[in-house]
Amino acid sequence: MGPTLTQKVDPVSPGRSHQGKETIIILDEIADLDRGIPMFADIISSIAETGRKEGVWVFSSTCVPSVFNDETLKACKTCLRVATNYIFTSMSDENLSELEKDFEIIDERDKAIIRSLKTEKDKHSEIYVIRKDGKRAVFRFVESSTKRWLQPTSIKETRESLKALKKFDGDSLKAAQYLEEKFPDGVA
Numbered sequence: 025m026g027p028t029l030t031q032k033v034d035p036v037s038p039g040r041s042h043q044g045k046e047t048i049i050i051l052d053e054i055a056d057l058d059r060g061i062p063m064f065a066d067i068i069s070s071i072a073e074t075g076r077k078e079g080v081w082v083f084s085s086t087c088v089p090s091v092f093n094d095e096t097l098k099a100c101k102t103c104l105r106v107a108t109n110y111i112f113t114s115m116s117d118e119n120l121s122e123l124e125k126d127f128e129i130i131d132e133r134d135k136a137i138i139r140s141l142k143t144e145k146d147k148h149s150e151i152y153v154i155r156k157d158g159k160r161a162v163f164r165f166v167e168s169s170t171k172r173w174l175q176p177t178s179i180k181e182t183r184e185s186l187k188a189l190k191k192f193d194g195d196s197l198k199a200a201q202y203l204e205e206k207f208p209d210g211v212a
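All letters in the sequence shown, in the order written, are residues 25 to 212 by this note's numbering.
Simulated from the structure, these hints should not be mistaken for lab results.
Heads up, some of the hints might be wrong.
[To be verified] Distance ranges between label pairs, derived from CB positions:
| id | residue 1 | residue 2 | range |
| --- | --- | --- | --- |
| 1 | K98 | F192 | 24 to 32 Å |
| 2 | L141 | N93 | 16 to 24 Å |
| 3 | F165 | N93 | 26 to 34 Å |
| 4 | K191 | E118 | 18 to 26 Å |
| 5 | A212 | S70 | 18 to 26 Å |
| 6 | E53 | T108 | 33 to 41 Å |
| 7 | D94 | L141 | 24 to 32 Å |
| 8 | K191 | K125 | 31 to 39 Å |
| 9 | M63 | R183 | 32 to 40 Å |
| 10 | Q201 | I48 | 22 to 30 Å |
| 11 | S149 | F127 | 43 to 51 Å |
| 12 | G60 | I111 | 43 to 51 Å |
| 13 | V153 | D126 | 17 to 25 Å |
[Claimed, not checked] Here are the simulated PhoX-like cross-link-like pairs (lysine-lysine), alpha carbons at most 20 Å apart as the crow flies:
| id | residue 1 | residue 2 |
| --- | --- | --- |
| 14 | K159 | K180 |
| 15 | K171 | K145 |
| 16 | K156 | K77 |
| 17 | K156 | K125 |
| 18 | K156 | K191 |
| 19 | K171 | K135 |
| 20 | K180 | K147 |
| 21 | K206 | K147 |
| 22 | K171 | K190 |
| 23 | K171 | K156 |
| 24 | K135 | K156 |
| 25 | K180 | K145 |
| 26 | K191 | K171 |
| 27 | K180 | K142 |
| 28 | K135 | K159 |
| 29 | K147 | K135 |
| 30 | K159 | K171 |
| 31 | K191 | K180 |
| 32 | K101 | K187 |
| 33 | K187 | K198 |
| 34 | K206 | K187 |
| 35 | K190 | K180 |
| 36 | K171 | K147 |
| 37 | K191 | K206 |
| 38 | K171 | K125 |
Virtual Cβ for every residue (Gly too), placed ideally from N, Cα, C.
Model the full structure from these sequences, guided by the hints.
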């Protein structure tokens, strides 16, 4: 197995006073959140600009990179401006060309790597990270059974998770361990 992300890319850590109290906010399809409610865009922008000092990390994501270049989407522009890490999964040639042309984040070598990334459902996802300081790394994320049961992604698995939580009086770790044994490959 190749080097892990932490071996290749030095982690960025919040100040000592926030150890163990970090918060991660994932804004999936950020453009949808940025449109229509100016106050929300202001809040996202503020958190993106100052959050690391408070131990808050913002991960903004989208399938359409052009939203980060849209002048009407304040939060998207702010997130791009303050980003220190760019994380990619496999992308279409159209989106890769847009990234290369409009953002100057990637070059031909990066495009080839991003094109080669694979995701195998229920097995692994390959991810490419580019840091502003120029460091780059590819790593493979393999979901553990415990994580699957702590964060179910289907209605059937959610239903089983809720039953197990009830059975173990809200103890999520015991419930996840029980579900790992009962359904090692998830619920079909």
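Hint-by-hint comparison with the structure:
1. Here the CB-CB span from K98 to F192 is close to 44 Å, at odds with the stated 24 to 32 Å.
2. The supplied range of 16 to 24 Å is met by L141 and N93, whose beta-carbon atoms lie about 23 Å from each other.
3. F165 and N93 have their C-beta atoms about 27 Å apart, which keeps the hinted 26 to 34 Å range intact.
4. Separation of K191 from E118 is about 48 Å and departs from the stated range, judged on CB atoms against 18 to 26 Å.
5. Roughly 44 Å separates the CB atoms of A212 and S70, a value that falls outside the hinted 18 to 26 Å.
6. Between E53 and T108 the beta carbon distance is about 22 Å. The supplied range of 33 to 41 Å is therefore violated.
7. One distance hint, 24 to 32 Å for the beta-carbon pair D94 and L141, holds here, with the actual separation near 25 Å.
8. Our hint of 31 to 39 Å for K191 and K125 is violated, since their Cβ atoms are close to 54 Å apart.
9. For M63 and R183, the hinted distance range of 32 to 40 Å is satisfied, since their beta carbons lie about 36 Å from each other.
10. Take Q201 and I48: their Cβ atoms lie about 24 Å apart, and the range 22 to 30 Å holds.
11. Between S149 and F127 the beta carbon distance is about 22 Å. The supplied range of 43 to 51 Å is therefore violated.
12. Against the hinted window of 43 to 51 Å, the Cβ-Cβ separation of G60 and I111 comes to about 27 Å, which falls outside the hint.
13. For V153 paired with D126, a C-beta distance near 20 Å keeps the hint of 17 to 25 Å intact.
14. This hinted pair does not check out: K159 and K180 have alpha carbons roughly 41 Å apart, beyond 20 Å.
15. Taking the CA atoms of K171 and K145, the gap is near 15 Å; set against the 20 Å cutoff, the hint holds.
16. A threshold of 20 Å between alpha carbons decides the hint, and for K156 with K77 the separation of about 18 Å falls inside it, so the pair holds.
17. Proximity of K156 to K125 is assessed by CA-CA distance (about 17 Å); at most 20 Å being required, the pair is judged to hold.
18. For the hint linking K156 to K191, the alpha-carbon distance of about 47 Å lies beyond 20 Å, and the restraint is violated.
19. Our distance criterion of 20 Å between C-alpha atoms is broken by K171 and K135, whose separation comes to about 30 Å.
20. Our distance criterion of 20 Å between C-alpha atoms is met by K180 and K147, whose separation comes to about 19 Å.
21. For the hint pairing K206 with K147, the CA-to-CA distance comes to about 19 Å; that is within 20 Å, so the pair holds.
22. Proximity of K171 to K190 is assessed by CA-CA distance (about 18 Å); at most 20 Å being required, the pair is judged to hold.
23. A threshold of 20 Å between alpha carbons decides the hint, and for K171 with K156 the separation of about 30 Å lies outside it, so the pair is violated.
24. A distance of roughly 17 Å separates the Cα atoms of K135 and K156; the hinted pair therefore holds under the 20 Å criterion.
25. Between K180 and K145 the CA atoms are separated by roughly 17 Å; this keeps the pair inside 20 Å, and the hint holds.
26. With a C-alpha separation of about 19 Å, the suggested pairing of K191 with K171 holds against the 20 Å cut-off.
27. For the hint linking K180 to K142, the alpha-carbon distance of about 26 Å lies beyond 20 Å, and the restraint is violated.
28. Distance hint between K135 and K159 is fulfilled; the C-alpha atoms sit about 15 Å from each other, no more than 20 Å.
29. Distance hint between K147 and K135 is unfulfilled; the C-alpha atoms sit about 24 Å from each other, more than 20 Å.
30. Proposed proximity of K159 and K171 is contradicted: the alpha carbons are some 28 Å apart, above 20 Å.
31. Distance restraint check for K191 and K180: the Cα-Cα separation of roughly 17 Å lies within the 20 Å cut-off, and the hinted pair is therefore satisfied.
32. Distance restraint check for K101 and K187: the Cα-Cα separation of roughly 42 Å exceeds the 20 Å cut-off, and the hinted pair is therefore not satisfied.
33. A C-alpha spacing of about 12 Å is found between K187 and K198, which places the hinted pair at or below 20 Å, so the restraint holds.
34. The straight-line distance between the Cα atoms of K206 and K187 is roughly 13 Å, inside the 20 Å bound, and the hint therefore holds.
35. Between K190 and K180 the alpha-carbon distance is near 16 Å, which keeps this suggested pair within the 20 Å criterion.
36. For a cut-off of 20 Å, the pair hint linking K171 to K147 stands: about 13 Å separates their Cα positions.
37. Proximity of K191 to K206 is assessed by CA-CA distance (about 14 Å); at most 20 Å being required, the pair is judged to hold.
38. At roughly 37 Å between alpha-carbon atoms, K171 and K125 are farther apart than 20 Å, so this suggested pair is violated.
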